[in-house]
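With the hints as your guide, set chain U onto chain V.
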Amino acid sequence: MSASRKSTLGRSGESAIVRWTLICIALLFLTFFLVLPLASVFAEAFANGWRTYVESVRDPDALAAIRLTLLASGIAVSMNLLFGLMAAWAISRFSFWGKNLLVSLIDLPLAVSPVVSGLIFVLLFGLHGWFGGWLDDHNIRILFAVPAVVIATIFVTFPFVARELIPFMQAQGSEEEEAALVLGASPWKTFYSITLPNIRWSLLYGVILCSARAMGEFGAVSVVSGHIRGETNTLPLQVEILYNEYNFAAAFSVASLLSLVAVATLAVKKIIEDQAGVRGGQV
Amino acid sequence: MGASSTVPARDPAGNSTGQSRAAKGPRFRFRKPGILPGFGISLGFAVTYLSLVVLIPLSAIFLKTATMHWPRFVATVTSPRVMASYRLTFGASFLGAAIDAFFGFIVAWVLARYSFPGKRIADAMVDLPFALPTAVAGISLTSLYAPNGWLGRYLVPLGINVVFTRLGVVVALTFVGLPFVVRSVQPVIQELGSDVEEASASLGANAWQTFSRVIFPTVVPALLTGFTLAFARGLGEYGSVIFISGNMPMHTEITSLLIVSKLEQYDYAGATAIASVMLLTSFALLLVINGLQARTRKFEEKS
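Residue numbers (the numbering used here), protein chains in the order written: chain V, 832 to 1114; chain U, 9 to 311.
Hints in this document: simulated from the structure, not taken from any laboratory. Note that the structure is predicted; figures quoted are calculated from it, not measured. Cβ atoms here follow ideal geometry from the backbone N, Cα and C, with glycine treated the same way. Fair warning: there could be bad hints in the mix.
[Claimed, not checked] Partner residues aside, some chain V positions facing chain U, computed with beta carbon under 7 Å: (1) I856; (2) L950; (3) I951.
[What the hints assert, rightly or not] Here are the simulated distance ranges between beta carbons: (4) V:V866 <-> U:K306: 34 to 40 Å; (5) U:R303 <-> V:W851: 31 to 37 Å; (6) U:E206 <-> V:G1108: 39 to 45 Å; (7) U:V296 <-> V:L859: 27 to 33 Å; (8) U:N169 <-> V:S935: 39 to 45 Å.
[Unchecked claim] If you want the footprint, here are the derived chain U segments under chain V, 3+ residues with CB under 8 Å: (9) 77–89; (10) 93–105; (11) 108–118; (12) 149–163.
Just chain V, same shape as in the assembly (with noise of 0.2 Å):
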């Protein structure tokens, strides 16, 4: 009797009915508001056919998006990378005094919406900011030029890695690298043949939801970027001004690219969780 019961019911007793009635709303849900969205991208882009797509992912404007997008998401991602690495390294290694306090400021961007995460920058580099008068005195651009669009992209993705790698580190333990060191390994090699090997999924997967998310922000980088075309326009800017113009299938041409780096993103992150069983924190 237990064998049959348990076929036809779930964990708590709840019949196949209810069952399939909650999988076929949670589907339906993700498909209204996930799955559709997504196809739309693809659909609007091929709307007027390959030509026009072709020719709107190769037009200039849209390779010089590309190249600052990338530009800007590789120098956030490794000084992210780079900082990542080092507080989880004081954070996991040590103990010390104001560690959660460092702890919790780490993840003060995640609060700071788009838009003021670049007003911010407004404020300290704009003629009338902080810094502004002392840059016009020496010709240097900043703001609505390339170096505010590359730090509004690192303030927005700062926390990426860190908040991967610091947990994942704390529960991990020294022990295996204490060992190294009392063996006479060097502080380097300890590093590079211990610590890296370990962490290498978890710093994987902070190091993709980082680059995800610098080649996608819009809020912080419209308001710092000064919408130059083929100059200051990252991808999404792209998309806004092509689509703002009515030119929906080039808006959406681009908006594909993007959206293919999205399910990139997805299809990595989930083969990360299921291979090494890292599961990430909030986004």
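Chain U in isolation, oriented as in the chain V frame:
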């Protein structure tokens, strides 16, 4: 690198003097001794970078607000157009987070407990709003609900207009908030021990009683955390909303957009005033979220 200024109590020789210090008896020590290297450089770099990239820039907003004339600050942040934008932003974020809490709970439940075809893909898809750039989400939702769009062509004849209405703002915020609820609730449902459920069933409870009296109360802190995270994310959301909302002042204009339009008119003081209100709200919500997460953890440790 600034290590020396940020790490005042670190001895220059590193770890070797740790023991001799400890021998002197209990006194304030900045860090506990150990054999691992790299404390000074890693903490020094982390604190310096954090200060340069986050703390100093963020302080600009509060210092700028502090220099504002107080009555003018109050007049700016309580003007009718700004108040209308708060009502929309808070209301739509709340509704979006509530829809996410309801459906997100079902999605998390189904993913955690049942097996069905396509489950792995569904699980991966939940994170789409994290991975898809907000501007892309904005234009695709708009095209979906437009009168000739895949969903709009059925909804508009029924009198349900999503594009350029407040409903559109709710739809966009529901989209961006969903993963927060699912990813908060899913691990808790997964961790639920079958022993309590079996105990409940063997004591004669039916499935609904077991769910509502045993399972649901355990999941509530996580569900509240997910709701609050989705709500907080909605308050600051910009890219996915501005395309679908139509941005009509007093009607479908969200607070983030108001900050941007003030900036475009070079009204830095006005933009900063509104931004500081939003920032204080986010920080308050962050405290609430931390409290809720601490409660969730306590629950997990107990079980």
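Hint check results:
no.: 1; hint: I856; in the structure: holds (5 Å)
no.: 2; hint: L950; in the structure: holds (5 Å)
no.: 3; hint: I951; in the structure: holds (5 Å)
no.: 4; hint: V:V866 <-> U:K306: 34 to 40 Å; in the structure: holds (37 Å)
no.: 5; hint: U:R303 <-> V:W851: 31 to 37 Å; in the structure: holds (33 Å)
no.: 6; hint: U:E206 <-> V:G1108: 39 to 45 Å; in the structure: violated (27 Å)
no.: 7; hint: U:V296 <-> V:L859: 27 to 33 Å; in the structure: holds (32 Å)
no.: 8; hint: U:N169 <-> V:S935: 39 to 45 Å; in the structure: holds (43 Å)
no.: 9; hint: 77–89; in the structure: violated (count 0)
no.: 10; hint: 93–105; in the structure: violated (count 0)
no.: 11; hint: 108–118; in the structure: holds (count 5)
no.: 12; hint: 149–163; in the structure: holds (count 6)
In terms of the numbered hints stated before, the structure departs from hints 6, 9 and 10, listed from lowest to highest.
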